[in-house]
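Q: Sequence:
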Amino acid sequence: MEKEIKKTEKPLPVLGNGAALIDTHCHLDMSAYGADYEAVLTRALAAGVTRVISVGIDLETSRRAIGLAEQRRGIYATVGVHPHNVAELSEADYAELQVLCRHPKVVAYGEIGLDYVKNYAPVALQKEHFARQVALAKDLQLPLVIHDREAHDDIMEILEAAGPFPVGGVMHCFSGDAVFARRVLDLGFHISIPGVVTFTKAEMLQDVVREIPLGSLVLETDGPFLSPVPRRGKRNEPQLMLYTAQKVAELKGLPLDEVARQTTVNALRLFSLEGQ
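So for the sequence shown, the working numbering puts the first residue at 24; every next one is plus one.
Please keep in mind that the hints were generated in silico from the structure rather than gathered at the bench.
Some hints could be false.
As the list claims (entries may be wrong) - Label-pair restraints from in silico Cβ distances:
(1) Glu173 with Met53: 33 to 43 Å
(2) Glu183 with Asn142: 39 to 49 Å
(3) Pro34 with Gly276: 36 to 46 Å
(4) Val37 with Ala62: 11 to 21 Å
(5) Pro189 with Glu151: 22 to 32 Å
(6) Glu273 with Asn142: 33 to 43 Å
(7) Glu83 with Phe222: 39 to 49 Å
(8) Asp162 with Gly276: 20 to 30 Å
Since the structure is predicted, the reported quantities are computational estimates derived from the model, not experimental observations.
For each residue, glycine too, the CB sits at the ideal point set by N, CA and C.
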């Protein structure tokens, strides 16, 4: 029988000096975590990921995110309707979104935006509901969580028309270049770095990390998607954000603990998590 040879996996980086991380974007309610949800959170905490924001993409997932946040300290929720899911939005749905946003553990509005890759909803409808949800988030004084896939110009046109944004926001799973990143920063937004930054061919994102100040960056998994190297292709989970943080540290020539400290401070301020 042919002997199976396993590659040695790069060990998970270790935080020191009391450093911690915040996973600012994870879909904890998804079925991918159903079998071992508690173990996922236990592993995250053991690795130093002390807080996780579970992100809604429609009414049902927003409700579920709030339910998870109610059950455990260190878990928070966002509320919003993803561009894939806007086609059926009704006035009653908008009324419920406003109610859900008043929950004390809701820390942001989103994930909302435009997606010109899959186009599950017509572009005109995506733009209409994106603009409407941006206005609602402003009224509710919640930071925005923006989904942008190959829609940079239209995203910025809507955001720039709706600004300013006193409580800010974040460009989730950033996919633009450094020029676009500066436009995002000019809005007062943060840029969120996913595990994609560890991919060999992610040169543009790596350049963004090098050029953008650490004070404007937060980190995310987008779990269960986009696992970093060396777990690429497998289910992502919050503890694996250590690989992302280590890559950011390498690109910036900084210690891992410094990246953890500053990105945590950034997330605490953006999502008003101090004392929670």
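Q: Does each hint hold? Answer for all of them.
A: Here is how each hint holds up against the structure:
no. : hint                           : in the structure
1   : Glu173 with Met53: 33 to 43 Å  : violated (24 Å)
2   : Glu183 with Asn142: 39 to 49 Å : violated (23 Å)
3   : Pro34 with Gly276: 36 to 46 Å  : violated (22 Å)
4   : Val37 with Ala62: 11 to 21 Å   : holds (19 Å)
5   : Pro189 with Glu151: 22 to 32 Å : holds (24 Å)
6   : Glu273 with Asn142: 33 to 43 Å : holds (36 Å)
7   : Glu83 with Phe222: 39 to 49 Å  : violated (31 Å)
8   : Asp162 with Gly276: 20 to 30 Å : violated (42 Å)
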